Every structure is written in structure tokens, then in C-alpha cells.
Amino acid sequence: MHKQKIFMIMERVLQLLGRGAQAEVMLLAQEGALTRFAGNRITQNVASHTVDLSIRIQEGGRIGRAGTRAVDEASIKNMIERAKELSAASRKTRGLLPLAGTRKYGALPVARGRDSLSTPEERGSAVQLILAKARHVRLEAAGIVSKDKGILALMNTRGLRAQHKFMSGRVSITMNRGGASGWAEYSNRTVALKDAGRTAERAAEKCLKSQNPRSVDPGPYTVVLEPACVGEIFQFMAWYGFGALAFQEGTSFLTGRMGKRIFSPRVTIEDNVYHPLTQGFPFDFEGVPRERVSLIERGVARGLVHDRRTARAAHTRSTGHGLAEPNEVGPLPLNLVMQKGGSRLEDMIRDTRRGILVTHFHYTNMMNPRELVLTGLTRDGTYLIERGRIARPVRNLRFTESMLKAFSNVEAVGREQVYTEGFFGGGYVAPAIKIHNFQFTSQAEEEKPL
Amino acid sequence: MKELMDEALNSASRPGVDYADIRIIRKRDQQFAVKSGRIGSLVDDDDAGFGVRVLYRGAWGFSASSRLKRSEVRRVTDEAVRIAKVSARGLRARVKLSREAVVCDRWDSPVLQDPFTVPPGEKLNILFEIDRLLRKDKHIKVAESGMSFSREEKWFATSEGTRIVQTVTRSGAGYSATAVGNGDCQTRSFPSSHGGQQGTSGFELVRALGLVENAERIRDEAVALLKAPHCPSGELDLILDGSQIALQIHESCGHPSELDRVLGMEANYAGTSFLTVDKVNHFRYGSAMVNLVADTTVPGGLATCGYDDDGVRAQRWPIVESGILKGYHTNREVASAWGVRSRGCSRAQGWGFIPMVRITNLSLMAGEGTLEDIIRDTRRGLLFQTNKSWSIDSRRLNFQFGCEIGFEIKNGRRTRLIKNPSYQGVTPLFWGSCDRIAGPQAWRLWGVGNCGKGQPGQTFGMSHGASPARFQKVRVGIHRA
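In the order they appear, the protein sequences are chains G and L.
Sequential numbering from 90 applies to the first sequence in our numbering.
Sequential numbering from 344 applies to the second sequence in our numbering.
Derived by calculation from the structure, the hints in this document are not laboratory data.
Just so it is clear, the structure is predicted and the values come from calculations on it, not from any experiment.
Treat the hints loosely; a few may be bogus.
[As the list claims (entries may be wrong)] Just a few of them, taken from the derived set where beta-carbon distance is under 8 Å, the chain G residues facing chain L:
| no. | residue |
| --- | --- |
| 1 | Arg125 |
| 2 | Leu175 |
| 3 | Ala178 |
| 4 | Arg459 |
[To be verified] Which stretches of chain G does chain L cover? Using the computed rule of at least three CB atoms under 8 Å from a CB of chain L, they are:
| no. | segment |
| --- | --- |
| 5 | 160-169 |
| 6 | 212-223 |
| 7 | 465-479 |
| 8 | 526-532 |
C-beta atoms are modelled at their ideal positions from N, C-alpha and C, and glycine is treated no differently.
Throw the hints in and build the complete structure from the sequences for me.
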């Protein structure tokens, strides 16, 4: 859908609303396509075209929100009526802020490269290339090649107009032989055929190195975590601590720790949608420009991300991290970036007497938000490091560890940053890191007869 | 709708197309939430669109759109065929569908009180009253309460002649209180965590929950947890309440018994399964008292329906019988690959998603006695209630769960409160250690509304029936922060 048509629809919504009420209109027009494969064949191949229109009405301190997928006149009128009905039934919300006024937005880095893998045929060719590379080394491949593009636009009765065109591509591959697996992923605004090939080669190499894994005892180990592991940890930091609402409520791991050294001085984390690897929006869901926010500076807790509501409570300004109002979650950093260090992955392995190299984590979850205790498992490439070399593959392990402790024990930070898509939305830019005394609490995949 | 369905099926009728179907869905959702004295969510969403699925020379293609027009149906069908042709390139084994009855039917889930006729103000009044009670103690820094309602009307037609119209109404409600103090935060939820109780039901589900009546107890438990000792570490007999058993069933029996996972179709994302097909009819999954039954006909279940998204009739069948693995969750595709009829577990999140195998309502059959009987019968153990966190490996063997609240049991009596209870185990060993299951009086369906699967990710809901049960010598107290 073209930008002009989108704004025409949104203007029409505000016309039909009439005068008096404050309102914000949001429209997301999106095309998504994904080719999925497993067992060396395409198992699922899908495309979808959606238009998601919604309105937030604020009248006399009351608020209501309604949405529709249809943009004809009758559907828009019906949406407005449903929003008005909710708003009328709602209670006055104390301190309800007026809608945001007009803003200027910063430019995001321009995507380089051709818009490839957009057609089913192009994605099919990418999958065939991946499968050929798998068959060549007698492996089974499973994974996806996906492409999404669209436009998000915001408009309100105070004159705010914001729009952002987005595009993202992703190749994710698991190679398997005899129960041992290897995984690799690549995500960028533009993903090309060659990226699919390279990602397949990395997954295959991991899988071939993972053959005949043996068990190691759980316990404390030095670990080298590849970037995908760090990205996975970041999404829990984002949801359980870097947002100002969790901090103000007292449930954040940063509560009582602001200004204090909580991580190793090697760790610097910011939220930065303007980093060339991120794929976010230059404004938040209230239309406020996203700012670059320093969260952890050389191990010291320095900041939080705010929406307009938490900013007012903290007597500061919004950093542009609000979700669609009303919401219970508060502001979220959706574009965390960890500053790179000076080590190559090979250096980290070479400098490790005994440790574990982890490709990525599986099913990580929060156990204790204040102490940032997470549990999860290693997956698709876990290797024992001995005397500076990868000695052998090992069976997967479960970790249960406080990330406050783990990130205090960071010994080295990688010099290559990688973008990882977040499970709950957003994405994270992170390097590999080396941590000492990381606690594995049990072995995975034990299957003993009863 | 008939015009649109005919358009899709006529358009898909061309050489090489083995099968086609269209699902047109209109769905209304309402969400109400109050958080710490203010509106947390107040949304009324009207969703409509359609998806066309095509099997071309044994390969799938799918496309979907929110524009309900004949011209768009034609375009989307063309796109689905074009995509399927790409899928068919170099295909070595064609997808075949199990032979199922052609059906023309209408099915509506029973509703006593239509939730969309209950005034929004009445719903908010209940939530604000809960919120007031929860925040009466100054230690409660976060009070969250919510209700959600949906009605999905689905028109389904296939090239084989099946025509089904189905309406499913779902309701849900719940709340939590988070106490902050002593450098800690502790949460209690009612009637269960992660959004509360949900089911295929009208507003009667909300009225029957006793939401307001339990608010003060939940608040007081959250505050008491701040001063409670940590869960002890070691191996102890463990009693789990029904809502925690529900998630245990979901993760350690539901997902590994999805046949698409078993066949490797989820290998890149959710993982595979240790319940391989060679194990059927002889693998000891649990103790002899463990009976796990899948049932899409059970009243009130979140996955209860007349027909699945392949048009297969709802049914009931055993997954585990007297501790032995007996069956799987299947759709027409994987059932055919395994040489059986489909169990009707094909589900999609909405019109924009291709259906896939989903866990249905999967329940642990009741035993006998009450929770208090089990406690009386326990010399030294722990009782854990209400899920807090969950994690399980990619083959569904090694799991670790955290709960909101625990109690020590000594000499048949519930004694002191403990916080941060957690336990870890290996699926068949854990279920093999099950030695007591409470009776039908304590058995209840628990809705799990946030089950994620697939790429692109899809969320779906199902229920798990359970009563409290005991497991011997379980590893508890995994981490003390």
C-alpha cells in the first residue's frame, strides 16, 4: 500500500471521528512471506497481506481503543463507534496525558543491496541452494527463508504525522545428522542468495563438528557464548529491567542499583535504533522520536528507557520507547546494542584452559527478575574447550544462572557484532562474550529406561 | 461468503492441483485490563480475512489477505498456486492427505451468556474492585487484572466438497499481585498465572471463578512470600497443584506427542521429540496410574471445536494409557505419512496462517482422594502451586519449572510457606515417579492461551485437565539467588 493512500485512509478516520475528541490513528500495512523446509524438502510456503487499522480515542480523561482489518467506510465507522463505546464506559484515568504533538524524526541507516528473496521463486532458489549444500555433506536441513516489508504510520488530532517503511529478511538453518545438529542464522534488511549459501555452510560446519557428542558433568564452567546467546539474554534484560515502568514499580533488576557497577567494566549496553545492524522504527507507538539511550556504561547502570507516562513520573522526557497506549508493559528497549570489544572468537577459545563454547540457547526463561536468574539450555553446537582448542562436542546442558553474576564475570568481548531477532519483537546487536564461573545445573537429553 | 469460497475453489481448479481449501474468518476480540488503579488495556478489535491453501503435485502453497473481495480471492489463489509450484520443485516425496469424510455441517460452541452483551462498564467494575482489594496492602506495588473475550466465525470449504461453518466463543479472566520489599519481589496469581483461566465459554466462566472473593487471600500470600524462606534444595516428594500439572502436561506430553515434531518438521525452531514412532504401544512414559487423554469434544476446553482446520471432526483418544505411549496429535498430512486417520489437530492462529499440528485439550485423568488426603499421606515433601516459569529441552526431556508459592509438608501436615520453589526432571522418569493423583472432585480444566509454535510464529490455546498429583524424589530448589 502506498504512503499517500495510507495517509488518505487515516485522514478519513479522523474526519469521520468529528471534532471534540482527541484521537490517534495507527495503520500497519504488511506483506510477509516465508518458505519453510525440513527433512530436505519444502514443508510450508506462505504469504500474507494485511492491513491493520486502529484508533485510540481520549475523551474527558477516558480512553478506548478499537481496531479493524478493513478500511472501507462502514468498517471505519464501526471501529470508531466501538472505540467510543469503550471510552465512554471507561473510568477517568488520573494523569492521562494529551496526545503527543508534531515531532521531527531522525533518519535510519539506508539498507544497502537489492531487494531480493521477495518472490516465491527467489526464496525457492535460496532453499534449493541450502538443501544442495546439506545433501553434499549428507546432512538434513530444516529452516526458513523469510521476507517481510511494509509501512507503519501514525497520525493524531494534534497534527502528528509519522511513517516508516520497513523491510527485513531472515535465513535460519538447522543441519542434522543422527541426532547431532548445527545451527546458523542471518538476518538483515536485505538478505540475498549468497547469504543463504553462507549461512548453510556455517550450519553444516557446526553440525559436522557436533557428531558423536559425549556428556560432561554439570557445574561451573568458563563459557564462550556466541552472539545469539547474548541476544537471547538481552531480551530478558529488556523485558525485566531496562524499562522505566518496571524500575518505578520496584520489580526491575536495576531497582536500587542505578549508578552502581553491576556488570564487568567490559560491558557497555545502549538502546540504539540508529545502529546500522538494527531493524527498528525511528519513532515509538506514541509518535515520539526514538533516542539513543545509554543503559550500562562500562558496567555501571546509567539509564532507562521511558515513554511519556514514566518520563513524567521521573521528571524527565520520553526517550521514545512507548508501546501503543493504553498498555500494561510500559516502555521497552527494542534495539539493544552491546558495544564490541577487541577479541576474535578464536582468541577467546585460545585463551581458555577448559570451558564450553555455546552456539545458541533454547527455551530460556526467567526464574527471578530482581536477581535476573535465567534458566535455559544449550543447543545445536555445544563444544568442550580444552587447552585453547575445541576438544570435542558435548551433549546439551541446562544453565541456571544470575545474569547479574554472569555479566560481572565477563572476561572478553568479541569484536564482531551480530543482529539477532527477538522472540518477543525487536532485535539485539551483540558480540560473543567469554564468562567465567557460569553455572550449568543439569544435563539435557537424558533418557533412561524406567 | 459462499461467493468468495466458490471463487477460490474454482480458481484453484486447474491441472496439477490435488487439493485446495479456503478459510474465511471473522473474529471479534475484547480485552480489558486494569493495572494499579488505571486502565491497562481497553481494546475492541474486529478482524476479518481469508487464507487459501493449495496442494500442487504434492507440495503446499498458502496465501492470505484481509481484503474480502472476489478479485482479491482470485489474486490470492493464484499466488497460492504459484507458491505451491515453487514448493514442488525437486520434491522427492509428495504430501498426501489422509482420507477423511466429506462434511457439510454447522457447529456453534455453547454459550450461556454472550460476553459481548455484557456492558464494558460491568466488566471494568469487577476489575477495579479486584484492583482495590489487591492494593489495600502497601507492599503490593503492582496489581494487574484482566478479562478477554473472543468470537470466531469460520467458513471452511475444500475442493473435496466439505463445507463447514463454525462459531467459537471464548472467555477468560484472572489477576496477579506483586509485592515488593526486603530487596525482593514476589507475585501471586488467581486462578492461575499467564492471564488466568480461559475456556470456550461465555461470560458464565468469569462469574464462576470467584475472582473478587479470592483477591484478599492472593494479596496476603504475595506479601507473606517476601518474608518466607527459600525453597530447600535436594530430592523430595513433590505435590503439584492442578494448574502446574496442566503446564507440565503441556510441555512434557503435549508438544512431544505432536507428530509433526516427531517427524522433524519443527527441527529448526521448537525442536523435535523423544517420543519417536517406534515407541508406540510399548514405551513406558509414566507410572501405571498415568492416563493422558486428548479430547477436542470436552465442554469448555480452549481447543474444543466441532471440526479442525482440515475439516476433521472433533474426537477423544488416548496419548498415554496406563503409563504406555499410545498415540499422537495429528493432522491429515502427518496422519497419512504414518498410515492412519487424522485425529483432527490441525489449527491455525487465524486466517493469515497456514494450519499446523497443535496440541488439543490434553488431560491427566483423575485418580482418587483429595489434595488433603495426599498431604496426609506424605511424610516429608513439598507442595508447589501456580506456574511462574517453564523451560524444556528441544526433545522435551529435561525440564525445569518455577512456581509462585510452595509449602513444606512434614508428617502429613502442610507447614511453613516457601518462596521461589523450583524443580527439575527428565520427562519419563518424572511421570514414572507419579504415585498419587487426586480424584474427580479436584479435577479441573486449565486453559493455556499462549502456546507458541511454528515459523512464522503462531499462538493458539488449549486446555489441560488435571487434579493435584504427587511425584517421588524430585530434584527441587535448583537455584538460590
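To see whether the hints hold, each was checked on the structure:
Nearest Cβ of chain L to the Cβ of Arg125/G: about 6 Å, under the 8 Å cut. The hint holds. Look at Leu175/G: its Cβ gets to within about 5 Å of chain L, closer than 8 Å, so that hint holds up. Annotation: interface hint on Ala178/G holds; nearest CB of chain L at approximately 4 Å, less than 8 Å. Given hint, Arg459/G at the interface with chain L, holds; its Cβ is 5 Å from that chain's nearest Cβ, closer than 8 Å.
Check result for the segment 160-169 of chain G against chain L: holds, 3 residues qualifying (beta carbon to beta carbon below 8 Å, three or more required). Check result for the segment 212-223 of chain G against chain L: holds, 4 residues qualifying (beta carbon to beta carbon below 8 Å, three or more required). Only when three residues or more bring their CB closer than 8 Å to a CB of chain L does the claim for the segment 465-479 of chain G stand; here the count is 3, and the claim holds. With 4 residues bearing a CB less than 8 Å from a CB of chain L, the segment 526-532 of chain G meets the requirement of three and the coverage assertion stands.
Checked against the numbered hints above, the structure violates none of them.
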